Amino acid sequence: MSIIGGGIGIGIELPGIGGGGIGIGGGINVGIGGTGDNSGSGGSDTSPWVQIYDLDSPKVQDVARFSVDRFNLDYNNTLRYQHVYEGWVQCVDENTKRYRLKLTVLDCLERLLRFEVIVCEVTNGDDKYKLESFVQIH
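For the sequence shown, position 85 matches number 85 in the UniProt record's numbering, and the numbering has no gaps at all.
Careful: at least some of the hints might be erroneous.
[Unchecked claim] Computed spacing ranges between beta-carbons, pair by pair:
#1 Asp107 x Asp62: 16 to 26 Å
#2 Tyr75 x Glu110: 17 to 27 Å
#3 Cys108 x Pro48: 32 to 42 Å
#4 Asn76 x Ser47: 32 to 42 Å
#5 Asn77 x Asp126: 21 to 31 Å
#6 Pro48 x Thr78: 30 to 40 Å
#7 Asp62 x Leu106: 15 to 25 Å
#8 Pro48 x Asn76: 35 to 45 Å
#9 Val50 x Glu110: 30 to 40 Å
#10 Asp54 x Asn95: 15 to 25 Å
Think of the hints as simulated: they come from the structure by calculation, not from any bench. Please read all numbers here as calculations on a predicted model, not as lab measurements. The beta carbon of each residue, even a glycine, is placed where N, CA and C say it ideally should be.
Required output: the full structure, derived from the provided sequences and hints.
Here you go:
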């Protein structure tokens, strides 16, 4: 689980424009802290992040559950998925999409925690989903 980088990514919050997302340089820059819909596409050919409005769709729920299950498996944890409250999708190419979701989970002490996850979906490979990032937010 890593954040793909390269070049320089800068997030700027502007009033009336949904948040950060100016990228300078090459590569793919993912702005984890911002709420913008085009976080640091930074000179690459990747399309912008597009907000998902139907957060209860089976696809979004599947991606969210996968991210929590994968995190639990990788880190021997017991987080319990609750719901997605914000999300975006990015078309990388004809076979690849990336989902950026903000979701809540319960930990073993029944605390409600918030995370931002990035999951890559590849439709022509052996592994359908790959967890790229799972970061707690406040």
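Evaluated hints:
Take Asp107 and Asp62: their Cβ atoms lie about 22 Å apart, and the range 16 to 26 Å holds. Distance hint check for Tyr75 and Glu110: the Cβ-Cβ separation is about 19 Å, which falls inside the suggested range of 17 to 27 Å. For Cys108 and Pro48, the hinted distance range of 32 to 42 Å is satisfied, since their beta carbons lie about 38 Å from each other. The hinted window of 32 to 42 Å between Asn76 and Ser47 holds, with their beta carbons roughly 36 Å apart.
Separated by about 25 Å at the C-beta atoms, Asn77 and Asp126 satisfy the suggested range of 21 to 31 Å. Evaluation of the 30 to 40 Å hint for Pro48 and Thr78 yields a pass: the beta carbon distance comes to about 36 Å. Take Asp62 and Leu106: their Cβ atoms lie about 19 Å apart, and the range 15 to 25 Å holds. Between Pro48 and Asn76 the Cβ separation comes to about 36 Å, which falls inside the hinted range of 35 to 45 Å.
Taking the beta carbon of each, Val50 and Glu110 are about 34 Å apart, inside 30 to 40 Å as hinted. A beta carbon spacing of about 22 Å between Asp54 and Asn95 agrees with the range 15 to 25 Å that was offered as a hint.
Checked against the numbered hints above, the structure violates none of them.
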